[in-house]
Amino acid sequence: MSGERARRIEGALKVTGRAEYAGEVRPDGMLHAALVQAEITCGDVVGIDDSAARHTPGFVDQVSYDDARSLAPSTATALIREPVVHFPGQPVGLTAADTLLAARTAAARVRVDYVERPSVAAIDQALDEAYAPAMAGRIIGASHRGDPAVALTGAHLVVRNRYQTAVNNHHPMEPHVVVCWWEGEQVVVHTSTQAVYGTRAIIAHALAMPADDVRVVCRYLGGGFGCKGQLWWPWMLWTLTASKRTGRPIRLELTRAQMFTLVGRRQETVQDLAVGFDATGRLVAIEHDVLAQTSTHGEYCDTTAEVSRRLYACPNVRTLHRLVRTNEPQPIPMRAPGTAPGTFALESALDEAAEQLGIDPVELRVRNFADHDHDADVPWSSNSLLQCYQVAADRFGWAQRPASATVVDGRWRIGWGMATTCYPAHRQPCRVRVRLQPDGTIVVQCGTQDMGSGTYTVLAQMVADALGVPLSQVTVELGDTLLPEGPFSGGSQVTASMFPAARQATDALRAQLAELGMGHDETLADAVQRIAPDGIEAEGAATANADIDVRCMSFGAIFTEVGVDADLAEIRVRRVTAAFATGRVLNPLLTESQHIGGLIGGIGMTLLEQTVTDRSSGRIIGDNLADYLVPVHADMPEFDIALIDEDDTYLPGGVKGVGMLGTAGIQAAIANAIHHATGTRVRHLPIRIEDLLHELPATTPGALPSMSE
Amino acid sequence: MSGVAFAYSRAADVADAVARGGAPGAAFVAGGTDLLQLWKAGRATPTELIDVYGLGLDGIGVDGDELSIGATARLSDVARHPFVVDQHPLIAEAVLASASGQIRNMATVGGNLLQRTRCPYFRTAGMACNKHRPGSGCGALDGEDRHAALFGAGSSCVATHPSDLAVALVALDATVEVSGARGVRRVGLSELYRLPGERPDVDTTLAAGELITRVLVPRAASIGRLATYVKVRDRASFEFALLSVAAVIRIDAGTIVHARLVCGGVAPAPWRLPAGEALLIGQKPERGVFTVAAAAAVEGAPPLPGNSFKVELLRRALVRTLTTIATGS
Amino acid sequence: MPIERIAVGLTVNGCAVEQWIDPCAMLLDVLHELGLSGTKKGCEMGACGACTALADGRRIVSCLALAASYAGAAITTIEGVGTPDELHPLQEAFIDHDALQCGYCTPGQIMSALGLIAEGCCDRATIREGLSGNLCRCGAYPRIVAAVAEAAGL
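Chains as they are written, first to last, in this note's numbering: chain A, 28 to 736; chain B, 3 to 331; chain C, 1091 to 1244.
Isolated chain A, as found in the complex:
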C-alpha cells in the first residue's frame, strides 16, 4: 500500500543553489525597501517627518499611512491604514532607495511623533481583562460534556496542575521577502508565502483590482511553519504601494530581528488542568482552562484544549480558552498549533497519574483509548493509535523500563518517557491540471506551494502512479497564480487536498484519450502522437472536507530517552522512537523526513526556544539567532521512525496530513523522561538547567585516588 521512497524531484536544483526563491528575482531598476519601526509600545502616530530621510543619497520614496488610506479596509490593511501603534517595533512607514543601505539609512532618519498611551507588556499585567473568545482556531472556544466538577469530586485520583509554555517564533531559514513590479494596471509579486492564491486575493481586495491582474509567484519556499501568511501582508502591501508610485520594482526583505515581531509567534499559554481517574485508571473527568496572549489589534487563539476533548475516552469534560490582549506582537499558528502546548499539559498529567496509580504509562493510555470521538460522538475515519503504542514501545524497548531515577551512564542520569500525539486531518479545495505533452512527458500544475514538505515530489508520484508512467517523465509546476488554484500550505492539508484533484485530473485525461480512441495496449507517448499531436490536458477539482459524520485525525506515539547531567543539569535528548499513523503513506522517505523535522521542532520548543520580552517596554530582547536558541546538529538524538500504514477508506486516497504530528507529544515525552531521570516534574517550557539543578543532589564528597606527578 505504501508508495515509493522516491527522491525529491527538485533536489538537484536545491543542492546546487539553482532553485529560485522569491527574493532572488532581480528585475532591472529594482529599488530596495526598509521599514521605519515604532519606538514606543502603544499610542498614536501624530506626525511623520521624512525631510531628513529624503536627503539620503539614493533615496527614492517613503510611504506611510496616508499613502495606504485608499486601500480597502481589512485586517490585512488595518495596520498600514490606521496610525496606531499596538506593539513596539511596529512598522510606521517604508522607505525605498537605490541600495539596501540607503533605504535603511533613510528609514533611520524618518522622524515620527507619537502620543503615547499606557501599555500592557505581559498577560499578567491585565489578568482581570481576560475574556473568552468565541472560537479557538477552527473550534468553539468552550466545551462542556457530562459533569466534570462532580466527577472530579468523586474521583479516585485527581492530578491538578498549572502548565505554562513560552512564546516561540517560527524562524524559517528564509526571511520574508517580496519583489514586486507593475506592468500597467497589472502587478507581479514574487513573495515567500504559504499561500500564493490567498496572497493574490488579499492584494486584489486591498487595491480593488481584478484578481486576474495580480500574479503571485513563489516557486520555492524557504520554510514557513505558519508565519508566511497574513501577518506579512501589510508590509508587502506597503511595498506594492511604493512600487506603483515610483514605477520601479521594489524588494523588501525582513531582517531576522523583524521576524521576531512582525510575522507572528506561537502564543504563550498558562494552562490549568485537572484530570480525574477511577481506581482502575480510567479517566472520569477533565477540566482544561487555557489562558493565552493575543494582540490589541487582532484576535488569535490556539486550539490548545482540543486534545482534552477527544484524544481519550472520558465522559465528563470541560474546556475553556481565555485571552488577554497585550501590546505584544500578534500570535498566529506555528507548527502543531494547539496540540503542541495542549499535549504538553495533558500528556504530562497522564504521566503523573500513571505514576500515582502504579500503572505503566502506556497501559494507562491504552485503557483510556477513545474508540470513537467522544466530543462529537462520531466514529474515527481511522485510528491506529493502539498499534502506534505497541510498535513504538517494542522498538524502543519500553518493556525494560527501569525504576525511576536509577540509571546512570557516566555523568548522565538517564530517563525514559512517552506521550501521545495527534493532529486533525483536513482538506481544502484544490484544482490540479495534468497535461500530456506531445513528447509523451507529463506536466502537472497546481497553484499551491512546496514549503519543503515534498509537495513537488508527491504530486508527481500521484500522477505518475495514476497514469502508469515513470516518475522521471513527470514535471511539476507549483507556486504561481497562473496555475489552477491550490491550497495554502498549512495545517498538514496540502497532500490530502491534492490527491482527489489529481486523481480526477488523471481520470479525466484518460477518459479523453479513450474517447479519442487510445488503444488498450498503447503507451501514453504513442497515443498522444497518434491522436493528439499538440498534446492534451485535463483538470481535476476537489472540495474541502465536510466531515460531519466522522472525525479524521492522525495519531502517533513518541518515546524518548533523555540524559540529564548529574551535577550540571544539562539536558540532552539521546534517543527518540516514534510510530505515526497518517493514513496511506505516499512516500516513506519524505514522510520520515517530515516526522523527524517535526520532532526536532518539538525538541526545540521543549528545551531551548523562548522569545524573551522586556517586561517594562514590551520589546523583544535578544532578537537574533544566537540568543533565540533552536536545535543544532549537535543536539540531535538517534531517531527511529515507524510508519503505520492505515487503510482509511473514508478519506480520498486514504491520505492524512503528516507535518504537524511530530511537533506535538514530544514535549511531554521529554518532560516525562526528565522526571524519570531526576524525579523532578517541570511543568513549564522550555525546561532548562535552572529547573533541575537544585533538585539534583549535590555531588557527594569522596576521596579520589591520590595523584602524583
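Note that these hints are calculated values from the structure, not bench results. Treat the hints with care, as some may be off.
[Claimed, not checked] Derived DEER-like restraints, expressed as beta-carbon distance ranges:
1. B:A255 x C:D1213: 38 to 44 angstroms
2. C:P1179 x A:S499: 19 to 25 angstroms
3. A:T502 x C:D1146: 36 to 42 angstroms
4. A:Q152 x B:R135: 25 to 31 angstroms
5. B:R135 x A:R53: 52 to 58 angstroms
We put the beta carbon where it would ideally sit given N, CA and C, even for glycine.
Here the structure of chain A is known, so what remains is to put chains B and C in place on it, guided by the hints.
Just chains B and C now, with coordinates in the frame of chain A:
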C-alpha cells in the same frame, strides 16, 4: 545594517595602524565577526575601519620561554597548531568550545579577547544600556537577568564577558603585547579588562589607538600542569557559555602546589576565584578538597533573581572541572 | 559625506572578477550582485550558516565577511561545486538521504560540510559538532549527517 556607512582602508603596518587607529570614529577590524554584528544592530557606529588582518600578526610559535600567538591568528589555526595542542591543550579546548567552525575560520585571537558582551540589552537596538550609551540606564538590572554577572558588576552594568579563550588564557597567566603611540607595552590579560564602574562603555584599559599585537603564554607553566575547560550551556554546541570554568593545577609529591580557577560568562572579565585557589594549595587532589574549595570560591557572589542558580551551577562546575582534571577523564 | 565605492578583485568559482563595492558591503551581498544567489541570507549575523562559502578553501559565513577585506581571495560558492546534470558526490548524497526539505539552508550545509571534510572529520559526532554552525529549521539534521558521513567515506 545600522545604516551608518563607514570608510575602509588597510593598515600598511603596525605603525600606520596605531597612528590612525586613535582617530575619533576609527576602529580596527580583522575577522569582523563581532564588530560587524554590532554595526548591523546599530550598536557600533564606526566611521572608518582600519583592516589589520593582513599585517602578518598571525604567527604562532615559541619566543624564548613563551608561546607567542599573533593577534590576528585565526581561532581555528590556534586550535590546531601543534605547539598549542602539545603544550597548552587548554587553549585548544576553549577555542573549540567557541562559536562555529565558520566563525573560528574568521575570528582572530585579538578580536576574541576584545569582543563585547552578549548582554541582550546591549545587543538589541532600542534598549536602554549604559554600555551602549552611558546614562541611558541598565535594562538588565530590573529586567531579564539570566545572563547577568555574578561578580564584578555594578549598579551601572551587569554585563558579562563572553570569551572562552580569555578564560583559558587568564588561567595560564597570559599577557598581551600592545602597540600604541607610546611604543610597545605588555599587560597581564587580567589587567587588560576593567570593571564597569562609572564607565561601563569602556571594556578595557587600552588607550585609544592601541593595538594588541600578540598574546604570550609562559611555557614554564606547562610543566607538570593539569588543566581543563568546562563550558555549561543549554544547547549542545554553538552557544555562548551560560558559564564556564578553566582550571589549572600542578601537583608535586601528591600535593597541589599551583592552582588557577577562572570562570567565564559570569563577570565583566574572565574572573579568577582566589579564595578557591588558596584552599587547593597544599592539599591532596581529592573530591572533598575540591568541594570545599568550590564552595569558598563562589561565596559572596551577589546574584540577581534570574541568575541566582548560577552560584550553585558554578560551584558544581568547579567541582566537575577539578574532578575531571584529577581523574584524567 | 558620501563614502566612495572601492574596487575589489576576487576569484569566484575560478573566475577573476573586479567589482566596485561599498566599503561596508558584505561578501554575501557582493555574491548576490554577481548574480550568485545560491549563497543564502538567513540571519545576517553569522548565527545560521546559510551564507557559508569557502574563502581560500576555508568555510566562512559570508554575511559577516567584509568584502573589501577579502580582496584577492579565492571564493567558492555552491554554484562552483556541481551542476544539476553533474552533481558533486556530496550533493548526490544529500538527495539520496533526503537531507533537505525547504532547501534554503542546503547550500550552506553543503559548503560547510565541504569545509569540514577538508578540515578532517572522523565520525558522526565530529560531523554533528562540526556542522553546528548551520541551522536547519525544517529539521533535516540526521539526514544531513548521514549524507556527509557517506561522502566523507565514514
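Quick rundown of the hints versus the structure:
1. Roughly 40 angstroms separates the CB atoms of A255 of chain B and D1213 of chain C, a value that falls within the hinted 38 to 44 angstroms.
2. Judged by the Cβ atoms, the range 19 to 25 angstroms given for P1179 of chain C and S499 of chain A holds: they are separated by roughly 21 angstroms.
3. The supplied range of 36 to 42 angstroms is met by T502 of chain A and D1146 of chain C, whose beta-carbon atoms lie about 40 angstroms from each other.
4. Here the CB-CB span from Q152 of chain A to R135 of chain B is close to 27 angstroms, well matched to the stated 25 to 31 angstroms.
5. Against the hinted window of 52 to 58 angstroms, the Cβ-Cβ separation of R135 of chain B and R53 of chain A comes to about 38 angstroms, which falls outside the hint.
Violated hint: 5 only; the structure is consistent with all others.
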